[in-house]
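Trainee: Chains as they are written, first to last, in the numbering used here: chain A, 1 to 253; chain B, 1 to 374.
Be careful, since some hints might not be right.
With the C-beta cut set under 8 Å, the calculated list includes, among others, these residues of chain B facing chain A [said to hold, decoys possible]: (1) Glu-271; (2) Pro-331; (3) Glu-332.
Derived from the structure by calculation, the hints contain no laboratory data. Beta carbons are placed, not taken as given, at the ideal position from N, Cα and C, and that holds for glycine.
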Amino acid sequence: MSKLTITDLHASVITEDGETPILRGVSLVVESGTTNAIMGPNGSGKSTLAYVIAGHPKYTVTSGSIDLDGQDVLAMTVDERARAGLFLAMQYPVEIPGVSVSNFLRTSITALKGEAPKLRTWTKDMKEAMADLQMDPAFASRNVNEGFSGGEKKRHEILQLGLMQPKIAILDETDSGLDVDALKIVSEGVNRYKESSNAGVLLITHYTRILRYIQPDVVHVFVDGRIVATGGPELADILESDGYETYTAAARA
Amino acid sequence: MRAPTVAPATDLAPRVFSRTIEDFDVPAGREEEWRFAPIRKLRDFFQPADWGSVGLSGEHDVTVEYVEISDSRLSHTWMPTDRPSAIARAQATHAVLVTIPKESIHSNPIVVNLKNAGENNYLHVEVHAGPFSKSQVVLIHDTSGNVSGSMLSLLGDQADLTMLSVIDADAAVMQHLHWFTEVGRDANFHGLSITLGGGVIRTVPTLTYRAPGGKAQMLGAFLLTGDQFQEHRILVDHTQPHCVSNVIYKGALSGEGAHSVWIGDVLVRREAIGIETYELNRNLLLTDGPRADSVPNLELETGDVISAGHASATGRFDDEQLFYLQSRGIPESVARQLVVRGFFVDVLSKIDDSELSGSLMRRIESKLGIVDHE
Ligand SMILES: Nc1ncnc2c1ncn2[C@@H]1O[C@H](COP(=O)(O)OP(=O)(O)O)[C@@H](O)[C@H]1O
Ligand SMILES: [Mg+2]
């Protein structure tokens with residue numbers, strides 16, 4: 001069992017003009033075997049929250065804490081957080097020219113597991129994981145995210161989720177830009193991972209559509225850098241029909 | 001004294017071809033071709049002196065000889081195009097000559113270890129790839145001593161030559177090297193210029209075609225640390241129809257005062273119809289401080305080409321790439337290694353000899369302080 005505990009987290013983005021506060025007191029618990037959905041309008045700080053958990057250098061935490069099973073996450077480097085069992089499926093994965101998917105995945109698995117995977121089982125595992133997501137085997141020899149379509153990038157993120165089997169996964173708008181067929185394939189990949197790892201999932205989304213395929217246990221409404229409402233799956237249905245206006249208006253007032 | 005040949009005016013091609021030193025003025029630094037170079041540091045390269053000639057170190061293949069500069073097999077037609085190269089040709093007493101016989105196929109690379117005579121040296125190297133021959137020549141320059149001179153790669157009809165020139169000089173060393181290539185009918189040239197160090201390095205690769213149908217690839221990988229200077233001034237002169245040229249130079253710079261200059265001149269003459277040309281320079285700045293100048297010039301005298309393009313970009317080491325890799329558990333040093341290897345891969349992967357390309361890559365990583373291989 002794993003537990004990610006975020007307590008009263010405040011964070012700013014560092015730009016040329018200085019620091020701008022984005023997160024204004026986020027408290028949240030993600031436990032193994034549960035799925036928390038975070039829903040909120042554009043610009044509310046959802047990606048900032050995901051990046052801060054992963055340790056992106058552009059953001060600075062001004063107060064609050066992040067704890068994973070008694071370990072201080074904020075004291076860890078980015079790679080230490082990943083090795084501790086955290087994973088972020090990014091909204092905008094970056095291109096790494098000249099580095100093939102297979103080389104990247106193998107290097108990552110080696111770092112996470114502490115030893116290189118055996119070549120024969122590794123090739124087989126990777127092929128199977130790619131087939132599960134209906135990815136062409138030729139994909140493995142392409143450069144990471146280079147020339148990938150939006151859907152290919154997201155599949156590649158979920159491919160990593162399946163191979164790396166983190167304790168807690170944060171999915172930042174993995175559904176955005178996917179057509180229905182791709183959304184189903186990607187959602188199935190997430191569900192397979194949840195079951196096999198009894199993982200905890202923090203699912204960030206702008207739309208309720210993905211929640212039809214990945215069942216949340218808890219839904220949080222995120223506005224202006226904090227959680228303004230928390231409820232069961234039914235909260236998603238209310239957001240679907242009413243939108244975020246009531247919450248954003250309240251936040252402005 | 002022979003009168004200098006004066007070619008028709010174009011901004012890109014040299015105007016004077018001559019072996020007479022006096023046909024070239026001492027550069028003042030304002031001339032287009034010298035405007036980036038540290039003229040004062042290079043001043044000894046502009047006056048004839050009593051320097052020794054670069055020779056060979058150790059055992060060599062039978063195709064490799066150290067000969068008198070008067071050897072009748074050395075090129076009679078090649079002419080220096082600036083003062084340092086005219087001085088080096090006039091003052092050198094010896095040359096290194098690599099002769100690949102007609103129709104001979106060499107599956108193993110011919111490695112030429114060059115050895116400097118002293119503190120200052122003139123260099124003259126010629127590689128003659130006979131018609132229908134196939135070979136790989138690897139020139140390893142000496143690490144210490146200043147060098148001025150020229151390398152010639154002359155390809156016969158349908159010859160296939162891969163030639164590597166590796167400079168990994170000490171930080172105090174200055175080198176001024178012309179690299180002239182002439183591609184024969186339907187011949188195939190792969191040139192690789194690897195420069196991993198040296199205080200002031202200026203290379204002038206010039207390539208032209210003797211007959212139609214030639215293909216040329218000129219690749220470069222260069223690395224600057226500390227306050228080193230490198231200039232790579234390339235000219236591809238498309239004088240013949242239906243030829244191909246492809247230039248890719250990649251540079252990585254780290255260190256406060258490092259300065260690189262890449263000039264990619266491509267001239268497509270009126271008669272050079274149906275050609276394809278592409279040139280690319282990308283520079284990676286690993287720290288704050290270094291400066292990378294990159295100037296591609298494409299001059300088309302005919303519109304009747306298949307393709308002609310160029311691209312140039314200089315970028316910072318991308319923190320987003322590092323973050324992405326680290327967020328997958330990869331430690332920072334390994335992440336940097338992956339990114340730098342990825343950056344150079346399209347140049348270094350062209351080296352067939354995996355041992356050589358591997359050792360060059362490790363050398364780059366050590367020099368950049370990414371991985372300590374020493
Ligand atoms: N790297 C950044 N540089 C500048 N501003 C940023 C950066 N990241 C986030 N912001 C700002 O922080 C706010 C929240 O952005 P973000 O976390 O991306 O929101 P969301 O993911 O909910 O759309 C926005 O106003 C955005 O402009
Ligand atoms: Mg976002």
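Trainee: Each hint: holds or not?
Mentor: Consistency of the hints with the structure:
1. Glu-271: violated (37 Å)
2. Pro-331: holds (5 Å)
3. Glu-332: Holds: closest Cβ of chain A sits about 7 Å from Glu-332 of chain B, inside 8 Å.
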